[in-house]
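Participant: What follows is each chain in one-letter form.
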Amino acid sequence: MRLLHNYHYIGAVILFCIGLYTVIVRRNIIKKLIGLNIMETAVFFFYISLGYVDNGIAPIRVGGADPSKMVNPIPQALILTGIVVAVSVTALALSLVILLYRQFGTLDVDHLMRDEAEEAKEAGE
Amino acid sequence: MGAYRHFPVLMITIPMLGAVLLPFLGYLRKRWVATATLLPLAVSAVLGLLLIGRIPADGYLSYELGSWTPHFGIEIRVDYLGLFMMLIVCGISLLALVFSMRYIEREVEGPKLTAFYVLFLLLSAAMLGFTATGDIFNLFVFMEILALSSYALVAVAGNRNAVRAAFKYLLMGAPSSIMVLLAIGFLYSVTGSLNMADLSTRIAESSYSEVLIVAYILFVIGFGVKAALFPMHMWLPDAHSIAPSPVSAMLSGLLVEVSAFAIIRVTFSVFGSGAENLIGGTVDALGIFAAAAVLFGGIMAIIQKDLKMMIAYSTISHIGYIFLGITAFTAEGLAGAMYHVLDHGLAKACLFLCAGSFIYVKGYRRIDDLKGAWRQMPWTCFAFAVASISVIGVPPTAGFISKWYLILGNIEAGNYFYVFVLLSGSILAAVYCFRVIYYMFFQPPKEGAWESRTNEASPSMLAPIWILSFGTLFFGVFSYLLIPSLLKAAAFLL
Amino acid sequence: MKKIISLLFISALGVLLLFVVASMPRMGDPESPTREHVIPRYLENAEEETNSPNVITGIILNYRGYDTSGEVTVIFCALACVLAILGREKRGRIHSYVDRSPVPASPVVKTMVRFLAPFIILFSVYTILHGEISPGGGFQGGAIVGASIIIFTTIFGLWEASRRIPQKFRVPLEGSAFIIFFIVGILGIVGGGNFLTYAWPNIANNLQPSVVLWLTIIVEIGIGLGGAMVLISILFAMMREEEAIAPTA
Amino acid sequence: MATALNVVMIVLLILSAILAVRAKDLLAAVIIFSVYSLIMALVWQRLQAPDLALTEAAVGAGVTTVLFLVAIFKTHREEER
Amino acid sequence: MPGKSSFSVIPLIAILLPWISLVVILAVPKGSRRVRLWVCFLGSLATLGVVLSLLPGILDGNSYTIKLASVVEGLEMRLTVDTLGYYFGLVLSFLWMLATLYSISYIDHKENRFFAFMAMCESFLLGAAFASNMFTYFIFYELMTFGSYPLIIHEETAMARRAGYKYLVYAISAGTVLFFAIVAHYFWSGGDLSFQELGTLSLASASRGILMTIFFTYLAGFGVKAAIMPLHGWVPDAHPAAPSPASALLSGVILKAGAFGIIRVVFFVFGIDLMRQLSLFTVMAVLACITIVVASVFALTQDNLKRRLAYSSIGQVSYIILGLSMLTQDGALGGMMHLAHHAIMKGCLFLCAGVILVKTGKKKISEMRGIGYQLPITMICFSVCALAMMGTPPSVGFISKWLLGSGALEAGLPVYIVILLVSALLSAAYFLPIIYIAFFRWEGDEVEGGQKPKLVFGKEADHKLIVPVVILAVLTVVVGIWVTVPGFPYSLVTKIVNVIF
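Here the protein sequences line up with chains A, B, C, D and E, keeping their order. Residue numbering for the first sequence follows our numbering, beginning at 1 and increasing consecutively. Residue numbering for the second sequence follows our numbering, beginning at 1001 and increasing consecutively. Residue numbering for the third sequence follows our numbering, beginning at 2001 and increasing consecutively. Residue numbering for the fourth sequence follows our numbering, beginning at 3001 and increasing consecutively. Residue numbering for the fifth sequence follows our numbering, beginning at 4001 and increasing consecutively.
Note that these hints are calculated values from the structure, not bench results. The beta-carbon is built from N, C-alpha and C at its ideal position, and this holds for glycine as well. Relax, there's no trap hidden among the hints.
These stretches of chain C come out as covered by chain B in the derived footprint (C-beta under 8 Å, 3 or more residues):
1. 2008 to 2021
2. 2024 to 2033
3. 2054 to 2065
4. 2173 to 2179
5. 2185 to 2197
Turn these sequences into a full structure, and let the hints steer you where they fit.
Facilitator: Here it is, written out as structure tokens:
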């Protein structure tokens, strides 16, 4: 069946699910960010495996490389932008983590959200 | 082909250039930063106004960057709805910027001020770029700039709640952007092109229907989180109520609408109404979520104590309105949704700025502190009343016209349950909006709460509030300027 | 309890994605939809049109230049966000606070880094300049420069590093990437084409390919430099341990 | 032979992802994560994407890992229970 | 419409005139009280003058129209003064002029706000009267709700605020129901909302079920303002809370606006033959009868004078609806005439209640023993109008009851006459005790041989209060006798009815 042939895609989907699971379940926010990065790299992996051609060659026209056997360059161009985006999201998130630790002294999501529940109650009445 | 074809690109890149140059200016002279940010936005607003006559209601201006033949380079496609959205973005962000010039010194400490203005410019430039692109991946890139700058703008205040709200927003926003990227990957794997117009032709004849359906679902989830559609709205109340008021005006008034516009573009320009069978199921689900959003947002807004929290929940309810317009799949419904985008943007920005001026002058955040507020700040209270009347949808305001077309669209589409939801939504809106007006005008103030003589916030804060509330009235009375061409544009999209 | 629900939800999503992936065109076959439409055009005449043998750099800077200008804005926006959250250090004042370097570096590591740093920077300059011929390009070069400065900072401490790269030097360069893109865009308009056309106003068209080459190189350098400066500023802002970010209530 | 190598690499990728997530000590998690991105760079090299392999190595392993290290240094090393 | 329909700017002037008094108040809020209030009165007088100037033209059948703004080709704000619109506009501006005169001396605190909102409310009502399509009517109708809200809570007592809140809840929900009705009407009539003599909707345009739902949503929407029984909740609270001139206008005109809406719907949107085909009028008739009887019974139990008058207003407005539901010439004639008659009678009664409140501060009927002797002129006018309400011959009430009766006979439904008789008896039952207490009882009359106080004419209330009351009382009798004088309701209503039937 075609699924077994596209095993790269299967790998990408599994990594994506691992990443999503970590983001949702893990309590430590730095672990969550690692999960986020895993999700992103999984999608990038999916993009590149999209563009692959059986026994193709790198898309660089140096010394008579035959264009028809070249790998599809567009996903690679998109992923260059994607990686930069991933880095910037991680940089922003980590600076938020540093400030959160300074303000709350904990990295655990439940402690953060629990204070919020108390404050909401206290702000409620 | 006059020079005006360069205007859309310049509208997007000039504010970006401004944002990039600002830190250098901030490094040299701190004082000029605030006024310097006005310049790029004003330039792009002027360019937008010049474009008005040029784009026919049922046509579009397509502009290949790098002058490559179509579908090879990236194409900027500005149709009537796109220009309509871009002008709203320019207008409201200019007014929010003027408001924040005095307001923000109190909220943000010195060193972060330049960064705030840079982010403000980047946010509005990204919104312009977001509505104008004709290329899906470019849509993702601009969406990422939008996301990043809005996370940081929520956290710019620096206090405990702001940082926590920003992180909560990030934890929901980042996975959703990745889902959009995955959806783009799916579309590319099946059609092989990234240009929206090219995509819609290829989707129509493509045979991989499961991939397309799941791609559409991922798009809706991705943009739905940004547009705070019902099940994915948890981040909005904290983020919008804790963020500084001009920021929450921008987020509530614009960011949420722009993401809704993105779903409109994906649904109609990319998948096209031809692909009814593909996206039919998801669109109905979207309708149910939108109906739930209208009711949930309305009920939650009623029980809120904090003014900005109430306005934030009413945003959730009104996003439900816009999506009900979209899922009706009729020209009137779509025109109503777009007009509601305009009206809700103006009214919601005005409400948040009024809340901001209350906080600026007296530091009151809760609704029952506002009893008898009109004695000291009559102009702000009056503008608040006009804006909330437009939120309810009383005749002379634009809200009435957009509610009219939303209901007409839904009746035409035959789903009466949504008509009932829209009507009860406007009753809920009447309850929570009128409660505040009632407190402001007809309740005696607590002792010492408000001085008797009027001392308003400074004119630079009052002028935007008044322009916004006057805008809702203006577009209510002179709706014939926009409605006929909106209907044509909607029919063109369908 | 929450774990089980999320596990179920994730596995459901996973199964759905697997089902979708299974129905996708077979990976690697040359006639899949992604190949037959745009790719031949890019692969054949990328070299003549964008004058860069490396097709990917050609696409990034020329065909889809607008995407890369967006990407450069994204990285600049990340810097602006980090500065909005953590705040930039005072202007002109060399970091006078005591700053412990994160890893107690032994002299061996110090000499190693002092010895290696120039070579890393040389390699990154090579990557930037050869972007259009060999793999690599603007941003990779910038990242490598950034990585080398970061290693230097972790070893020698922020105080030492910021003395070498003062704020006065970094601020103008941070925005350089997009500025260069904007200039090239305006040149395109002045030169008659649309925004971001690689053209120089009123030159004979036989010189056209060299113009495109030169502009590509300038853009490469701009992205490299801008990217490096942004990464360094982000790092300095994050490592800064100063009273300015005292925990406000 | 080539597909076998690919499959091994993908399995390795998944293993390192799971390990990175389950590691108790945050520093260990980050280091395993940088190993993960290095393997990813290698896989991309095999998929004939040299540009990206270089970027992923430089940015994924280089910059991201160091940002995580700085964050951990500024906050708390172990994961709280 | 036999006459020609000519463009004229008069209806627009009529609407904008009240805003002049608004501008005067805003321009010189702290100016001398006399000057400001008299300018407002002159404003309303000028409006009446402008409306009267149209009378000759209307009498010989032509109409005046002006387009304000248009949203889309089917949807436009247009004012057309046809006979029915003019008739309601005339009654409305006449009563408003008297109420403004009355409230110059009645309102003592915060008069700026009161007069400003009164003028605004008048202009919205005139707009509704002259509306030429349902879209314009709905816009002015909604604005009138927000214009009249401050009038109700003018006294800012807790009771007034609660009454105002209840009024708003009813009005906004009615507005939403009405909004649905109009959009459905717009959609199913293919974009044509204007009022045509023989109705725009027809069985061809939509299925029976949809037409029924549109009719019932219209009925519910307007029924709240016309105080039909299940939806009348806000009326008994709003009237006692509002200052007397406001409650006079409220029952005299604002309740009528709801009835006027129903007249528009029945005759100009659905048309008589469609009504017969859908047999909708039976529902309307049943509702009207229930309201008349139940409201009169409730009026009996009320001790507060204004609440009793409020309940009687609910009953009387349903007379109009009863007249409409007969779908016969005389029935419609009687119903529409009653619109003006009840406005005059009920206006006078509420103004008298105001005078009693100002002079003696009494609200309860039981405390009003011997009041006829302290305020002879007021109580005489009160008795004249009370008798007119019961339908005694020389008065206006008698004519409308007579026409309603002949209409019922014409429609072959004797049961309506029984209803009319029962309600006449009930109204006698709740009005006569007031007259009896006022004149035939006095303080200390339990003691045998107590001295009957003499009628004291001199020191009545301020003349500005008494003049409107006397004018209205005289009118109830004069209009009752010389029915066919050109300016009076009869001449206008016959023209409307001939056109419809």
